[in-house]
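In this text, residue positions in the sequence shown follow this note's numbering: the first is 146, and each later residue adds one.
Please keep in mind that the hints were generated in silico from the structure rather than gathered at the bench. Careful, some of the hints might be misleading.
Claimed, not checked - Across the chosen pairs, the derived CB separations fall in these ranges:
hint: 1; residue 1: VAL365; residue 2: ASP214; range: 38 to 48 Å
hint: 2; residue 1: VAL378; residue 2: ASP214; range: 51 to 61 Å
hint: 3; residue 1: ALA147; residue 2: ASP351; range: 21 to 31 Å
hint: 4; residue 1: HIS213; residue 2: SER433; range: 21 to 31 Å
Unchecked claim - Below are the EDC-like pairs computed for lysine to aspartate or glutamate, each with C-alpha atoms no more than 20 Å apart in a straight line:
hint: 5; residue 1: LYS429; residue 2: GLU348
hint: 6; residue 1: LYS426; residue 2: GLU335
hint: 7; residue 1: LYS444; residue 2: GLU245
hint: 8; residue 1: LYS297; residue 2: GLU245
hint: 9; residue 1: LYS434; residue 2: GLU372
hint: 10; residue 1: LYS311; residue 2: GLU348
hint: 11; residue 1: LYS181; residue 2: GLU227
hint: 12; residue 1: LYS424; residue 2: ASP310
Ideal placement from N, C-alpha and C gives every residue a C-beta, glycine not left out.
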Amino acid sequence: MAYVTVIGTGTMATGIAAGFLGADVPILILGRTQEKAQQCLNDAIALCAPEKRGAAGSSRAGEINTWHDWVDCRWIVETIIEDLPTKQALFHSLDQRVPEGIPIGSNSSAYPISKIAQGLKTAHRMMGAHYFMPAELVPLVEIVLGEKTDPKIADAVYAFYQSIDKKPVLVKQGIPGFLANRIQHALMREALYLIDRGVATPEDVDDAVRYSFGFRYAAVGPITQKELSGWDVNCNAAKEIYPALCNDSTMPVSILNMVKTGKTGTKSLAGFWSWTPEKVKALKEVYSKRLQAAFAVLKIEK
């Protein structure tokens, strides 16, 4: 049976693998050691509901440096450390070892596939495959074309993701941030600008997004929403709003200082707010439940 290979053993690898398993697609996890790969596979299986583990028995784990069995592999997703030389070394190795006809994707959010696959003879079948955490729940996968990516191969990967109930989008140029993160960072820049200047609290920014346009975006995207409300209205509002928007090219000093002092959010138990392990656990649980509810909304047919 055709399977998907996930290279890496971290949080993203676990979520990506669980997504395939949940769609009844067997997986091969490849890590630096057999033990790490097997643990990642076990964790991915545990993320799936019991009734969604049918492909677990056909799934395997192995060591990336010694693996050469690619029979029936239909797609490879790399999700190792975000370090360009390390990724380039891995892709150079795959370039020599993976048979022609198997597309290879990178989950990198920082590096365009053209840099990762630079100089490789198989660059035409390499592309970005950018997921969002938690990868087992968030439907979107950005298929990012590099300078040499064959569009037909990218289209085939796109169709594969559609067939397993993911929501792929094609990003036809490997620009920084790709598609979703560019939009997200534009929003975050303005949100932090408003907080930094005392216009609103972090709590009010969260509520303003969740209960206004964020609430609407679970139903339709920003472009469709403006089709409904009218582009003339949007253009008139933009005359007043656009000149006043933040266009800083760096993060606010207050945020940079927060990070310098170790306040990085829940992982350090301090950010804008103070956290305890119990609060973090509760937040992650409600976050997961809300994402699953939002996914149910997204699945309502047009």
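Evaluated hints:
{"no.": "1", "hint": "VAL365 / ASP214: 38 to 48 Å", "verdict": "holds (45 Å)"}
{"no.": "2", "hint": "VAL378 / ASP214: 51 to 61 Å", "verdict": "holds (58 Å)"}
{"no.": "3", "hint": "ALA147 / ASP351: 21 to 31 Å", "verdict": "violated (42 Å)"}
{"no.": "4", "hint": "HIS213 / SER433: 21 to 31 Å", "verdict": "violated (38 Å)"}
{"no.": "5", "hint": "LYS429 / GLU348", "verdict": "holds (17 Å)"}
{"no.": "6", "hint": "LYS426 / GLU335", "verdict": "violated (29 Å)"}
{"no.": "7", "hint": "LYS444 / GLU245", "verdict": "violated (36 Å)"}
{"no.": "8", "hint": "LYS297 / GLU245", "verdict": "holds (15 Å)"}
{"no.": "9", "hint": "LYS434 / GLU372", "verdict": "violated (31 Å)"}
{"no.": "10", "hint": "LYS311 / GLU348", "verdict": "violated (31 Å)"}
{"no.": "11", "hint": "LYS181 / GLU227", "verdict": "holds (18 Å)"}
{"no.": "12", "hint": "LYS424 / ASP310", "verdict": "violated (32 Å)"}
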